[in-house]
Structures are given as C-alpha cells and as structure tokens.
Amino acid sequence: MAKNTLSSRFRKLDIDEFDENKFVDDHDEAVDNQGPDGTEIENLIRIGDTMTAFHLALRNPPLNTKNPAVKERALAIVLRVLTSFKSSDIEPAVKSLDRSGVDLLMKYIYRGFEKPSDNSSAILLQWHEKAFAVGGLGSIVRVLTARKTV
Amino acid sequence: MAYHSFLLEPISCHSWNKDRTQIALCPNNHDVHIYKKDGTKWIKIHELKEHNGQVTGIDWAPESNRIVTCGTDRNAYVWSLKGEVWKPTLVILRINRAARCVSWSPKENKFAVGSGSRLISICYFEQENDWWVCKHIKKPIRSTVLSLDWHPNNVLLAAGSCDFKCRVFSAYIKEVEEKPGPTVWGSKMPFGEVLFESGPSGVSGGAGDGAGGGWVHGVCFSHSGNRLAWTSHDSTVAIAEGGKTSTISSLSSETLPLLCVSFITENSLVAAGHDCYPVLFVYDGTKGSVTFGGKLDVPKQTSQRGISARERFQNLDRRATSSETTEQGLESLHKNSISQISVLEGGKSKCSTFCTTGMDGGMVTWDVKSLESALKDLKILFLCSQSLKSALKDLEIV
Numbered sequence: 319m320a321k322n323t324l325s326s327r328f329r330k331l332d333i334d335e336f337d338e339n340k341f342v343d344d345h346d347e348a349v350d351n352q353g354p355d356g357t358e359i360e361n362l363i364r365i366g367d368t369m370t371a372f373h374l375a376l377r378n379p380p381l382n383t384k385n386p387a388v389k390e391r392a393l394a395i396v397l398r399v400l401t402s403f404k405s406s407d408i409e410p411a412v413k414s415l416d417r418s419g420v421d422l423l424m425k426y427i428y429r430g431f432e433k434p435s436d437n438s439s440a441i442l443l444q445w446h447e448k449a450f451a452v453g454g455l456g457s458i459v460r461v462l463t464a465r466k467t468v
Numbered sequence: 268m269a270y271h272s273f274l275l276e277p278i279s280c281h282s283w284n285k286d287r288t289q290i291a292l293c294p295n296n297h298d299v300h301i302y303k304k305d306g307t308k309w310i311k312i313h314e315l316k317e318h319n320g321q322v323t324g325i326d327w328a329p330e331s332n333r334i335v336t337c338g339t340d341r342n343a344y345v346w347s348l349k350g351e352v353w354k355p356t357l358v359i360l361r362i363n364r365a366a367r368c369v370s371w372s373p374k375e376n377k378f379a380v381g382s383g384s385r386l387i388s389i390c391y392f393e394q395e396n397d398w399w400v401c402k403h404i405k406k407p408i409r410s411t412v413l414s415l416d417w418h419p420n421n422v423l424l425a426a427g428s429c430d431f432k433c434r435v436f437s438a439y440i441k442e443v444e445e446k447p448g449p450t451v452w453g454s455k456m457p458f459g460e461v462l463f464e465s466g467p468s469g470v471s472g473g474a475g476d477g478a479g480g481g482w483v484h485g486v487c488f489s490h491s492g493n494r495l496a497w498t499s500h501d502s503t504v505a506i507a508e509g510g511k512t513s514t515i516s517s518l519s520s521e522t523l524p525l526l527c528v529s530f531i532t533e534n535s536l537v538a539a540g541h542d543c544y545p546v547l548f549v550y551d552g553t554k555g556s557v558t559f560g561g562k563l564d565v566p567k568q569t570s571q572r573g574i575s576a577r578e579r580f581q582n583l584d585r586r587a588t589s590s591e592t593t594e595q596g597l598e599s600l601h602k603n604s605i606s607q608i609s610v611l612e613g614g615k616s617k618c619s620t621f622c623t624t625g626m627d628g629g630m631v632t633w634d635v636k637s638l639e640s641a642l643k644d645l646k647i648l649f650l651c652s653q654s655l656k657s658a659l660k661d662l663e664i665v
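Protein chains in written order, with our numbering: chain B, 319 to 468; chain Z, 268 to 665.
None of these hints come from the bench; they were simulated from the model.
What you are looking at is a predicted structure, and each value in this text was computed from that prediction instead of being measured.
C-beta atoms are modelled at their ideal positions from N, C-alpha and C, and glycine is treated no differently.
Errors might be hidden in some of the hints.
[To be verified] Interface residues of chain Z toward chain B, partial, derived using beta-carbon atoms under 7 Å:
1) Glu-317
2) Asn-319
3) Gly-481
4) Ser-520
5) Leu-523
6) Gly-552
7) Thr-553
8) Asp-634
9) Ser-637
10) Ser-640
[Claimed, not checked] Cut-off 27 Å, straight-line C-alpha distance, at most; resulting in silico cross-link-like pairs (DSSO-like, lysine-lysine):
11) Z:Lys-402 / B:Lys-413
12) Z:Lys-304 / Z:Lys-554
13) B:Lys-384 / B:Lys-413
14) Z:Lys-441 / Z:Lys-402
15) Z:Lys-562 / B:Lys-413
16) Z:Lys-441 / B:Lys-466
17) Z:Lys-406 / B:Lys-448
[Stated by the list, open to error] Here are the computed distance ranges between Cβ atoms for each label pair:
18) B:Glu-447 / Z:Ser-347: 56 to 66 Å
19) Z:Lys-554 / B:Gly-366: 50 to 60 Å
20) B:Lys-330 / Z:Lys-455: 45 to 55 Å
21) Z:Lys-402 / B:Ser-439: 28 to 38 Å
22) Z:Lys-554 / B:His-373: 47 to 57 Å
23) Z:Asp-551 / B:Arg-329: 48 to 58 Å
24) B:Glu-447 / Z:Ile-312: 34 to 44 Å
25) B:His-373 / Z:Ala-269: 24 to 34 Å
26) B:Arg-329 / Z:Arg-577: 51 to 61 Å
27) Z:Lys-562 / B:Asp-416: 44 to 54 Å
28) Z:Leu-583 / B:His-373: 50 to 60 Å
29) Z:Ser-556 / B:Glu-447: 51 to 61 Å
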C-alpha cells in the first residue's frame, strides 16, 4: 500500500473545525439575571419564613450569563434555602410552583447533587422525590436537554 | 388493537400502500421488505435490495404507486412496480451525510429528503432528461433535519431539525407546478423561503425558563394545513397556527420525549415516543392551549390479589420495595419506544385508525372508536363545520 496510509496523525485532526458552515451556538447575554438576593433570603430563613425565601430564591435565575461566579452564588443561595426546609414542608412548597418553576427547581436539585456536602444529599433526595411526583420524567428530561443551565 | 410482531429487530421505518393491504418496512438493515396482509397473517412478498446503508425513510405514494426510500448511504431510490417486480431508479441527492427522512408531496410530483448534511433535497422528475433532479434548501438550517411534512397545497414543507427549531419552507418548483395561492403562512413563496420558524421557547415559557428546547423529532401539519404541531426532545409538544406568528402553544409533558406525532382531527393529535404508548393531546384554538387528553394504551386489568408476607419480604430483598404490583414488564402493547405513527383510515381530519411501529419490531393498529369507548375521559373534539368541509374536499379528490 502507499506509504501515506501508514501514519494515523490525520486522525487527530478535527475536520469540522475547518468547515465554513460550522454551527456556532449563539448565546445572547441580553437578559442578565444576577440571581437571588442573598441577604434578604438569610433574614427570611432566620425568622423561619422558608416558603417566601424559597420563592425568592427561585426568582431571577442566572440562566443567560456565562459568568460561573454568578451561577455559583445563586446555586449556593438556593441550596441554603432547600437544606433549611423541614421534611414535612417540602411537599406544599413544591405544590405551590407552576410547571416552569418545577423545572427550575429540578435544575437546581441536580446541580446540588453534583457537589454533595454533609447532609445535603438526603434533603435533596427528598426534594427530588416530591418534585418528580409533580413534574414526572419530563421535568428530568428538561434538565438534561436544557441549553441554558442554572 | 391488534399487535403484530414482525421481527425481533427494530422497525426503522414503514409505509402503507393506498388500500392498506401491503406494508413496506425496513427491518433495521439495508433492505425494504414488503408484507401483504392475508387474513390475520402477514406474508412477505417482496424484498427490495439496493441500498448500501440502513434505510431510514420509506414513503409509498398512494396514487402513483411508487415507493421512495432513503438511507444512510446518502442515496434515495424511487421504486416502480413493473409487473411483479419493483425496479429502482437512483436519485442523486448531492448530500455528504446520511439521509434521515423522506416524504412524497401530496400531488406526488416531487419528494423531499431530510439529511444530516443540514439541508433538505427537493427532488422532481425532469421529463427531457428522464431523470430525477434535486434542489437544495440550505439556509438557515444548522443541523440534521429529522422530520418532514408537506402542506396540502403541495408547496409548503415543515421540517423539524436538530438545531432545536421547527420551520416551514417553501418548496415551490416552477418546472412542475403553478404558482400557489396565498395561505395563512404567507403569500410570497419563492423556493427556499422560510415562512415560519419556531422561536427558542413557546409563548408559555414564562419567567426564565424559556430554554432552547430539544431536537424536533416529529412534525405534522393538520388536514387543512393551518396548524402545525411538533414534538421535541425536551418532552414538549407545541402547536402553531399560521398567520398569527406569536401564537405558539406548547405543553411540557411529564412523559419521556415523544418521537412522532400526527393530527387525527383538526383539534386533536396523537403522539408516541419513548414511553411506548400513544398519548392524545387536545388543542383549543380559542384559548390557544394544548392539554393532555389521556394515555391511549389501556392495559389489561390484572386481578388484584393479596400479597403474602413471604412475597413482601422477597420483594423487599429483590427490589428494595414491598409494593404490591408485580410490574415485571411494561404494561403497554409496545415493549420498546414507538418511532413512527401513520394514519391508516380517515385522513388527518377524521382519523378512525392509525398504526404505530417501534423498536420492538412490532406494529399495532389502533382503532379510534374503540379507544374512545374504552377510555371514558377521552376528549376528541370535532369542530362540525371544519370536518364537514374537509369531508367534502375528500369527496372531490377521490
């Protein structure tokens, strides 16, 4: 055979990089949600009003920013709220959300699973069970297919 | 509901002939097998061997009795029945990736092929050269075209693609047809024009979560062509009405993603997918909302017998749950994902039977009337005036 078929260096080349019609994902940074307000939520948790803290935490999700710090901050706040809930309060909290709220909650739950801390997994699993009961498999599929992640 | 198991392999795609006595399907290999109905049995009468890659799309034109097939070998063949044998004619699609789906236009003078080359090939027959010629629709498709459906006016084509959008294109070929009249989707229709493109989110996206959605697996025009439905990989189903560009009603379902969808009346659609059973959705035009109508697979009622203590502990040991139901397998007729749905009788306006094929190699024909009576909370809305109009139109054509 010809000598030029022996080398396999060409396999390391990504030919799609040279394609003019390559798909470039356009992410617009237009709507810049900064994530929930940490101090206000801390206060609400301290006085015991976890339900309001919950709703506040789920507002303004930083879906569009490419800044990981903003996303980390928002995630930390939401996890703080979720872990401060008593087990019996979880179900009414989930019931108070609409369909897109349940999807957003699922996104945060799965993000929370990524970095388990001492007792976060247990409470997150309880949240997951309740959210799954309302959202079904579709809400989990939407976490997997969402292009704007939390 | 008759379940027939053709093979143990998935059925990649299927298509019926005009009087529904024969079905052409691809048994997950390079061939197309044609089966003929004989009483309750199915006998294989033809094997169409020409493709070099898996056949991904089959469409059987009812009037002209031609079959078009497309495959991963980047080719399409048009088969005509000469005597007792099907003879293929190669169609050069000029694509450099696999073809994914194919569909004859309503007048059967052209067909469209969606492919992984990020374009749609519209092929028509040129009389002078005795050859099939194709034209490409490229812009603004940015990924594989997964599904196609023609509008009844023979010019507009809906395409669902992996770039998360569903679009309506004009596939007007001046060599084979007259200029089309205006429709609700637009009045200027040069070839390749995009008349509709679904946005990144439906109107019901609400705050924040108007995410990009998923691959659009199935598209379907309604019988009149005024409505377009599509299902996508983020478990949503959406319907758009032509003319009012901002009314896209979508429903985020609780099921796994739906792979195929078809209108069965002007207001209701049946969709099926990875959950292995078809579901019904009802669209309310006045409110612009899609609602879940019900699961269409009624499982056999197994007798609820009591569970002994021994069985309870055994279940706990085996499955970590002491639940009563012994759900060893799926309760639905199909045992694996349903990949394609086709209307058998009644057309898309008053469908009375439809058929589904799936990855379990089986085919089920569903009867709408018996489904209606079996499921009391099934709501199939019939808009009287519209169904009458379309019934009269059917009479004219036939």
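Original post:
Against the structure shown, which of the earlier numbered hints fail to hold, in ascending order?
Top reply: Hints 1, 2, 6, 7, 8, 9, 10, 11, 12, 13, 16, 17, 19, 21, 22, 24, 25, 27, 28 and 29 contradicted; others consistent.
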